[in-house]
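K.L.:
So you can see what is in the structure, the chains are spelled out below.
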Amino acid sequence: MRIYKRVEMFHSGMTLAELLIATFVFLMCATVVLSTWLWVQKMYKVNIGSIDSRRELRTAFHRLNMDVMNSEMILTNRSYTCNGKPYQVPGAGAEGDNLVLAIPELTANGDLKNTYTIVGYYLAATDLKEDLNKDTKRLIRWSKTGLTPPEDNDPSSFKGDDISDCFAGLTTNATVVRYIQPTGGLSFRIYDPPNGIETVAIQVFRRLSNLPAIQQSMKTSYYLRNNFY
Amino acid sequence: MIKRLLDKKILLTGMTLAEVMVAIAILSVMMFSIAGAISLVFKANRYDRDLTTSITFSQDVLEQIRTVVSETAEPGVFDKLLYIPPPSATPTYRFLALDIQNLIYNVECMPVPPGSDPNTRLNDIRQVKVTVWYYNQASSKNNPQPSGVKLYQISTYIRRRN
Numbered sequence: 503m504r505i506y507k508r509v510e511m512f513h514s515g516m517t518l519a520e521l522l523i524a525t526f527v528f529l530m531c532a533t534v535v536l537s538t539w540l541w542v543q544k545m546y547k548v549n550i551g552s553i554d555s556r557r558e559l560r561t562a563f564h565r566l567n568m569d570v571m572n573s574e575m576i577l578t579n580r581s582y583t584c585n586g587k588p589y590q591v592p593g594a595g596a597e598g599d600n601l602v603l604a605i606p607e608l609t610a611n612g613d614l615k616n617t618y619t620i621v622g623y624y625l626a627a628t629d630l631k632e633d634l635n636k637d638t639k640r641l642i643r644w645s646k647t648g649l650t651p652p653e654d655n656d657p658s659s660f661k662g663d664d665i666s667d668c669f670a671g672l673t674t675n676a677t678v679v680r681y682i683q684p685t686g687g688l689s690f691r692i693y694d695p696p697n698g699i700e701t702v703a704i705q706v707f708r709r710l711s712n713l714p715a716i717q718q719s720m721k722t723s724y725y726l727r728n729n730f731y
Numbered sequence: 007m008i009k010r011l012l013d014k015k016i017l018l019t020g021m022t023l024a025e026v027m028v029a030i031a032i033l034s035v036m037m038f039s040i041a042g043a044i045s046l047v048f049k050a051n052r053y054d055r056d057l058t059t060s061i062t063f064s065q066d067v068l069e070q071i072r073t074v075v076s077e078t079a080e081p082g083v084f085d086k087l088l089y090i091p092p093p094s095a096t097p098t099y100r101f102l103a104l105d106i107q108n109l110i111y112n113v114e115c116m117p118v119p120p121g122s123d124p125n126t127r128l129n130d131i132r133q134v135k136v137t138v139w140y141y142n143q144a145s146s147k148n149n150p151q152p153s154g155v156k157l158y159q160i161s162t163y164i165r166r167r168n
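Line by line, the protein sequences give chains A and B.
Note that our numbering has the first sequence beginning at 503, numbered continuously upward.
Note that our numbering has the second sequence beginning at 7, numbered continuously upward.
No wet-lab data here; the hints were simulated from the structure.
Don't take every hint at face value.
[As the list claims (entries may be wrong)] Taking beta-carbon pairs under 8 Å as the criterion, some of the chain B residues facing chain A (in silico):
| hint | residue |
| --- | --- |
| 1 | Lys49 |
| 2 | Asn51 |
| 3 | Arg55 |
| 4 | Asp56 |
| 5 | Ile61 |
| 6 | Gln65 |
| 7 | Ser76 |
| 8 | Thr78 |
| 9 | Glu80 |
[What the hints assert, rightly or not] Dumping the calculated DSSO-like pairs for lysine-lysine here, alpha-carbon to alpha-carbon at most 30 Å:
| hint | chain 1 | residue 1 | chain 2 | residue 2 |
| --- | --- | --- | --- | --- |
| 10 | B | Lys147 | B | Lys135 |
| 11 | A | Lys721 | B | Lys49 |
| 12 | A | Lys631 | A | Lys544 |
| 13 | B | Lys86 | A | Lys721 |
[Said to hold, decoys possible] Just a sample of chain B residues kept apart from chain A, beta carbon distances all over 10 Å, derived:
| hint | residue |
| --- | --- |
| 14 | Ile30 |
| 15 | Val35 |
| 16 | Leu104 |
| 17 | Pro119 |
| 18 | Gly121 |
| 19 | Tyr140 |
Nothing here was measured: the structure is a model prediction, and the numbers come from that model.
All residues carry an ideal CB built from backbone N, CA and C; glycine is no exception.
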């Protein structure tokens, strides 16, 4: 009998007070775990977003650097159309969001071929299906190879219409930077004389839902290495 | 059986001191691991940001020097690049920008090959090197000094144009 009473003591279950305390402790623990998880998820999203934006900017800057270094000439003061939209490359000493470069093509022996690769950068509206970032812009790099200038070995003879014609045929297009701030997000300044460019601003502004926006801002300069004057 | 357990006080004993300590140790390791991983992620992100800033900034400095050398009509600009700073002087460090107060840089220009005498030196080429470091917080802001190993270095050769 005595043994039964002692056994009952251990099988009697929790009292109401114990149950309430246990529930409270469980809820506290669950809240802490859930909050930590949510916070880690948000942190991950912001971190990955900023790393991704920087990676994109670094790659774009690297390509721009290679393009400028390899070019023989910056085709300034040219007006051209792409997909029906007019674009204007600024003149020497001016700022704009458009750039067109002429890169000489060489033979296997390193001689000039009298053909050029025309490379350009322009801003366009985003193609992302994100409501939060639908007003942002993207920087597009395009190029076309094997173009013969109207005057032999003189890329300055490429006119605006020649540039427009590039888009009629096969042209390589790639978005190099996304989420560019809608106003004042990108600006190139062409040196006077036009032997280099300064990226006055490339500003990325990506909004995230219920999180602080990702912002990156960079500037640098590139100088032509391949102009034979 | 229950009687035997009760008599041996097995069911009535709580956790021993060793068990409590092991439990605390396991929990502590878990907490510190999580905190460490989070801190590491932030640190890696900051490092990535600083590195990117250094890369673009250093490129900018190099290109500005190249522009000055190539575009200016002023004679002697290229020759001034022979030694910056002079071999005897202490390097001068400057902050990258007013709003970037954790990174400093310096510019060195030297003949090619380095340390060559005027007879063997390539007179129309200079090597320009830009190096970025983290700022040593212990040093004065008026005379900032580097901390640890360099963060980024880029160099190029500049040719005389005029």
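K.L.:
Now tell me if each hint is right for this structure.
P.N.:
Here is what the structure says about each hint:
no. : hint                : verdict
1   : Lys49               : 11 Å, violated
2   : Asn51               : 5 Å, holds
3   : Arg55               : 7 Å, holds
4   : Asp56               : 11 Å, violated
5   : Ile61               : 7 Å, holds
6   : Gln65               : 5 Å, holds
7   : Ser76               : 7 Å, holds
8   : Thr78               : 12 Å, violated
9   : Glu80               : 16 Å, violated
10  : Lys147/B - Lys135/B : 23 Å, holds
11  : Lys721/A - Lys49/B  : 23 Å, holds
12  : Lys631/A - Lys544/A : 21 Å, holds
13  : Lys86/B - Lys721/A  : 27 Å, holds
14  : Ile30               : 16 Å, holds
15  : Val35               : 16 Å, holds
16  : Leu104              : 14 Å, holds
17  : Pro119              : 22 Å, holds
18  : Gly121              : 26 Å, holds
19  : Tyr140              : 18 Å, holds
The structure shown violates the earlier hints numbered 1, 4, 8, 9.
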